[in-house]
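Going down the list, the protein sequences come from chains A and B. Start counting the first sequence at 1; every next residue gets the next number (our numbering). Start counting the second sequence at 1; every next residue gets the next number (our numbering).
These are calculated hints, taken from the structure and not from any lab test. Among the hints, erroneous ones may be present.
[Stated by the list, open to error] Once the Cα atoms are required to be at most 27 Å apart in a straight line, the calculated DSS-like pairs of lysine-lysine come out as:
no., chain 1, residue 1, chain 2, residue 2
1, B, Lys288, B, Lys242
2, A, Lys54, B, Lys291
3, B, Lys295, B, Lys245
4, B, Lys291, A, Lys58
5, B, Lys291, B, Lys250
6, B, Lys288, B, Lys245
[What the hints assert, rightly or not] Quick look at which bits of chain B chain A covers, simulated, 3 or more residues with Cβ under 8 Å:
no., stretch
7, 183-189
8, 216-222
These numbers were taken from a predicted model, which means no experiment stands behind them. Ideal placement from N, C-alpha and C gives every residue a C-beta, glycine not left out.
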Amino acid sequence: MIVRLNTDIAAGVLGLVFGALLWFPRADIGRLSIIFPRAILLVLTLISIALIVKGFIKPSGRQIEISGSPRRLVTVIIGFFLWWGLVEVLGFLLTTLLAFFALTWYLARVETVVTWQRMLTWTPVILVLVGVFYLTFKEVLNVRLPSGLFF
Amino acid sequence: MEMLLEALTALLTFESILTVLVGVSAGLFIGAMPGLTATMALAMLLPFTFSMEALQGLIALGAVYMGSIYGGAFTAILINTPGTPSSIATTFDGYPMARQGRAYEALAAATIASVVGGIVGVIFLLILAPPLARLAVAFGPSEMFWVAMLGLTLVASLSSDSLLKGLLGGCIGILLSTIGVSPVGGESRFTFGYPPLQGGIELIVALIGLFVIPELLTMAAEGRGALPGGSELRKKEVSIAKIAKHIFSKPANLIRSCLIGQVIAIIPGAGGNVTSLVAYNEARRFSKDPKSFGKGNVDGVVASESSNNVMVAGSMVPLLTLGIPGAPPDAIILGVLLMHGLRPGLDLFTQSGVLTNGFILSMGLAALMLLPVGLLGGRLIHRVVIRTPYYFLVPSIAMVTILGTFALRNSMLDVGIMLILGTAGYFLRLIGIQAAPIVLGLILGGIAEQGYVQTLMAAVVDPIPWLRLVSNPLSMVLAGLVVLGAATALVPMWLARKGLLDKVEEDSGGSS
């Protein structure tokens, strides 16, 4: 998908927004702690302004290209954040199994028709993959993975 | 010399060789997992060494260290994910090579470079430890500031599309490094009233987010795997002898990278990530074809991997002589030394000379062991990545990155930060802001800040405080190197923009 966008102006505006986000809370910070970030914020602002000016005078790119399916991109982003959000509620094991099945089913549909029989043949692979990593981290590496409501 | 021979005899036993083999394999496996660093690998193995004799314990730790630093190259090359921060620069050319079906070439080059780097580091450690250690203590805050600045000149090299966007990325990275408790003032900064942010953004969290998540999103959107299929791979596979010939026929890159690795390794605080980035930058700068860097030039992989493996033994110089860890994993080795009643300093080379030399030589053996273990392991991991359908690969990588990120500090917040940075990284890449300058800023921001603020604090009574940054010969030399580095990176860009470079190339092409 091609989107018309002046990338120089977009980058400059983004730099200014990011700078503003850090510029306003700086008043509460002591001199020793702010001296370095303040210098960098100043440089960031100058670069951002230079990019915006360049965007008007001699822009480097007027469009961006999202390769592949934007719908799949957005779905996977939402999927990742849901995976993260549900870990604390359902526990790592259950959430990961659900997320793994859902993502595999959704992504495999690009290439082929995913029938229930096919999903059933994949089930042992997914269970072993998730199980091995879960047990390795929990039992061997002693990482206390979130247990949530279940286990 | 007697002690060295005695140490060699103690090392060449079945038990010691087996310890090195197991250590290198374990290190390689852990290093190849995104999120699990060499420091974590050593920390995880530490309890197993409690029951071992001092030499065996140190041999095991040295082997794991060597294996894990090398293991980071695997995922860097195969899925664009630096397994350890030391392999950041390996992704720049390793992954493009893999995408072109030259993954085995990149892996073999990384292996050869790592073996050479590891052995060179050990030789340096044996011969040059005392004089180099004396140089390391001369690095004060202002010198550290210039070392960080020297690393930041790399931003110019990494910004092939737009220097301004590269610099913007660098600034964003530096500012991200300032989130949390200030290293000098001790106050919380930019936490927005959210206490968990006081811990700051962990480097490896940002690293995984910015490198892995955009790649996963691209794979998902495009409906493709990390690498091309097997047929293309076999078509472009080259023999190990040919790769070795390529590396050794032009040894300048290897020698330069090893020297850079050693010099930076002895500076306390500058880890393998800084080492490999600086070596990569210099390889690009001195190359006859700098434009091919970042697009799959094997010399980039060689520079990064040789220098970061030199660092493994090289960073032991200040550790064994002064007790100052040259890199974070060294702190664990220091703990083991102290646990066995061994105090760094001259005694370590006299009273406990056999033990110390045995430990140093074992790292040389571990470096040699990388060759068989790495080449076999490399093929195995490579085949797994190639043959796994992308709809299994995407959730599998996502699961490992979530696990690895969480395991760093047992924090789901880190996982959230990783996902936010990764998603932002994907969209930033679309508008021309690459992940590499951001990561570079994040790594060097802390070092630069500490050096800058401490220097200005010391110069509080000076009429012009910042002049203290160039008040002694060493910092002047470093500042000069920064100017030189920036100039050699910027001048070719300026010439190319003016069209003068093409003219020179045409002229030379015509005359030859």
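Structure-based check of each hint:
A C-alpha spacing of about 21 Å is found between Lys288 of chain B and Lys242 of chain B, which places the hinted pair at or below 27 Å, so the restraint holds. Proposed proximity of Lys54 of chain A and Lys291 of chain B is supported: the alpha carbons are some 24 Å apart, at most 27 Å. The hinted pair formed by Lys295 of chain B and Lys245 of chain B meets the criterion: a straight-line CA distance of about 21 Å does not exceed 27 Å. A C-alpha spacing of about 23 Å is found between Lys291 of chain B and Lys58 of chain A, which places the hinted pair at or below 27 Å, so the restraint holds.
For the proposed pair Lys291 of chain B and Lys250 of chain B, the alpha carbon gap of about 18 Å is at most 27 Å, so the pair holds. The suggested pairing of Lys288 of chain B with Lys245 of chain B holds, with an alpha-carbon distance near 19 Å, which does not exceed 27 Å. Counting residues of the stretch 183-189 of chain B whose C-beta lies closer than 8 Å to any C-beta of chain A gives 5; at least three are required, and the coverage claim holds. For the stretch 216-222 of chain B, the stated coverage by chain A is satisfied: 6 residues place a CB nearer than 8 Å to a CB of that chain, which reaches the threshold of 3.
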